[in-house]
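*Asks:* Single-letter residue listing:
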Amino acid sequence: MSMQIGDSAAEAIFRDQARTWLSQHASLRSDDVANWHDDLGGHVVACKKWQHVLYDNGWAGISWPKQFGGRGGTSLQASIFAEEQSKFDVATGSFAVSLGMVGPTLMAHGTPQQHAEFLAPMLRGDHVWCQLFSEPNAGSDLANIGTRAVLDGDTWIVNGQKVWTSFGQFSDYGILLTRTEPESPKHKGITYFIVDMKSAGIEVRPLVQITGVAHFNEVFLSDVRIPAANVLGQVNNGWAVANTTLTSERAFIGGGGSSWTVEALIETAQKLGRTQDPVVRQKLAAAYTRAQTLSYLGYRLRTASSLGLIPGPEMFVMKLAYARHWEKTMDTAMEVLGADAMLWGDNVIDNGEWQHRLLSQFAIRLGGGTNEIQQNIIGERGLGLPREPSVDRNLPWRELVKG
Amino acid sequence: MNFDLSDEQHVLSDLAQQIFSGLSTIERITELQTGDGFDATLWNELAKAGLLGLCVAEEHGGLAMHMVELSLVLEQQGKHIAQVPLWSSSIAAMTVAQYGSPALQTLVLPGVCNGTTVLSCALANFGANDSMNPSVEATDVDGGVRLVGSKPAVPYAQNAHFVVVSAKRVDGSVVLALVETDARGVILTAVDGSDHQPQANMDIDVVVPASHIIAGLTNDGREALRWMHEHSLVALCAIQLGVAQGSIAITAEHVKTRHQFGKPLSAQQAVAVRAADAYITTEAMRVTMLNAAWRLAEGFDARQDVLVAMYWATEGGHSVVLAGQHLHGGVGADISYPVHRFFLWGIQISTQLGGASQHLARLGKLIASR
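Listed in order, the protein sequences are those of chains A and B.
Using this note's numbering, read the first sequence as starting at 1 and increasing by one per residue.
Using this note's numbering, read the second sequence as starting at 404 and increasing by one per residue.
If you are wondering where the hints come from, they were derived from the structure by calculation, not from laboratory data.
Built from N, CA and C at the ideal position, the CB exists for glycine as well.
There may be inaccurate statements among the hints.
Quick list of in silico lysine-lysine cross-link-like pairs, PhoX-like style, CA-CA up to 25 Å [unchecked claim]:
1) A:K48 with A:K66
2) A:K48 with A:K271
3) A:K66 with A:K49
4) B:K768 with A:K271
5) B:K659 with A:K328
Output of the computed footprint for chain A on chain B, the stretches with three or more beta carbons under 8 Å from beta carbons of chain A [as the list claims (entries may be wrong)]:
6) 448-456
7) 667-678
8) 686-695
Pair ranges (Cβ atoms, derived) [claimed, not checked]:
9) A:Q67 with B:Q672: 41 to 47 Å
10) A:A264 with B:V573: 40 to 46 Å
11) B:S772 with A:Q24: 44 to 50 Å
12) A:A341 with B:G438: 56 to 62 Å
13) B:V551 with A:L307: 53 to 59 Å
14) B:T433 with A:G72: 57 to 63 Å
15) A:L307 with B:F664: 41 to 47 Å
16) B:H469 with A:L400: 36 to 42 Å
17) B:F529 with A:Q270: 33 to 39 Å
18) B:A652 with A:V279: 33 to 39 Å
19) A:A341 with B:F529: 28 to 34 Å
20) B:A652 with A:G338: 43 to 49 Å
21) B:F664 with A:S184: 28 to 34 Å
Take these sequences, add in the hints, and give me the full structure.
*Replies:* If you want it as structure tokens, here you go:
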């Protein structure tokens, strides 16, 4: 099969169908979008509404198998649909965890009962899901988690604290990593659960971030009871399951689906009369080259997945490249805005979106493993450098010094 | 969508890799320093394998392939820092094939394919070095075009039989001419390049017969110059990709095997992270180069794509070879160890047809000026 960068004839037809359907069910994103950051609860409601429309019309879960309620299409088709959808004024953000991360993990590791119970409602948008992984003492060193789960009959009892939980305050279910065998080395004694967020003993406290939005939360778990049937994968084998989730998270963040483009920044620069400045122009051009590179890396990923091959280095390069692109381009955006960059909120050009994105960069740079963690992975897997020496891989978790 | 190589392209890349790794060894490159710097043995092997006429029509003895295939071979050349005028001879031949008369094609292309005729390109200019604004002056005379001026650092001019020279008339129209290197009025002065490969400044005062004018004899040859320039840039991007990969490969090996403080250098995060960044940059160079090569091969407008690729090849390539040199510490300063060769070629390509800021300025003008 020869190289073809861009849609094949069949893909072009699919894109056309998607665009036609979208234009019948949503309106194009206008310059003057309402600022949804102030009303996160309203955003969640809008996401649910739109996901229902997708589901009822057969456009939800495009690459999910039909047996799980999906469309049974290719990952390429899913990307094409996402590209077209991003041009329309629809809300999708609060399903990033459920559709982007939990779905693939459940399909890979879940029991038939778990598939039947959770996948269809997830796809329909009935439930918001959150990720209960990070803890105050387990961030980059995620395998160091200390939230304990102890078996009592056919129920697990969980105690501990989680943090950086996106959309936790709106969630119906969570995916939860716990320590179930402290005598084993840290990677070996972890169990992965599905937890009902309405369970007794769960307290969610929103964290107001630098953007002014409380997107993240702290979650406290006190004697939370989880049925044994909600273990995902095998007891004490949760690290392998978690890796499926983390890979999906990296792919999701790196895959972009972002709400902004370099072209939009160029338009803003034109509106402000900044494009005759050769230095601004060079910075815009540099941003453009980064965006193009990310697209092509994405094309390589899609090619590999559509041919059923294991993706190459693009996989772990993309998340890091995307985070850096975001950071550098928002610096350029502030330069383009000039004095306007000092202002905040809805009264400035583009509703203050560029300022909001500048401040959102930290979630992108740190989420799914920090930039530096990605670099370590690239060193090991891309270049074959020896793994960093670690003294704690084989010691029982309970003997490790806790942070 | 299929952004991967075909089976045939993989086979071609493997073939090139075998030839270059077999012949262009570090010992061989060191040995070439004492001679004229041109690896004639390797050149003959490339001819036998058909790689010198990769993009030339079959009727002239070529393989009738396109820019993506050429880029794969050039990538392998860069990886093995092989000293042959492959890009300049190939792009000159492609330009003759694309724009030259049938008689001119018959005159030079069969020799290019069998290795007996070497071509080169003289696109760079003294001064501001804007390839689209050549400084050699062209004047129409009886039977042809008179060219007067100078060209800097023409690759392998000493080994070339013909050089494609870009020139400009007073009215601004462009001429592309095939100039014979041993014609009266052509003076070659060998210059030392930073990559230690053969090159010469070319002083020209010749009348080129009409039969040897590739483009612009009776009109403006600007489109042909643009075509040649874009193909040349992508060819350089492809070599640079190979150079960057070669640099990273030897560097990864070094930091894995050299021990300090009782452990491999790469166990220091500061070292591993710098190597990882070089790797990421190389992947960016690969995808932007392949995209540009594919668009040229398909005949699509590639003005922005070529500049995007060239920006990564210059800015990115520079940072990769610099990291390679730096991570070798004192070992890199010893010229009996090969890593400096990647550095030198990488730096040369970063400036060869305009530096990173020049490409960025052009791209900025294309996408944002209003």
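*Asks:* Please write out, lowest number first, the hints stated earlier that are contradicted by the structure.
*Replies:* 2, 5, 6, 11, 16, 19
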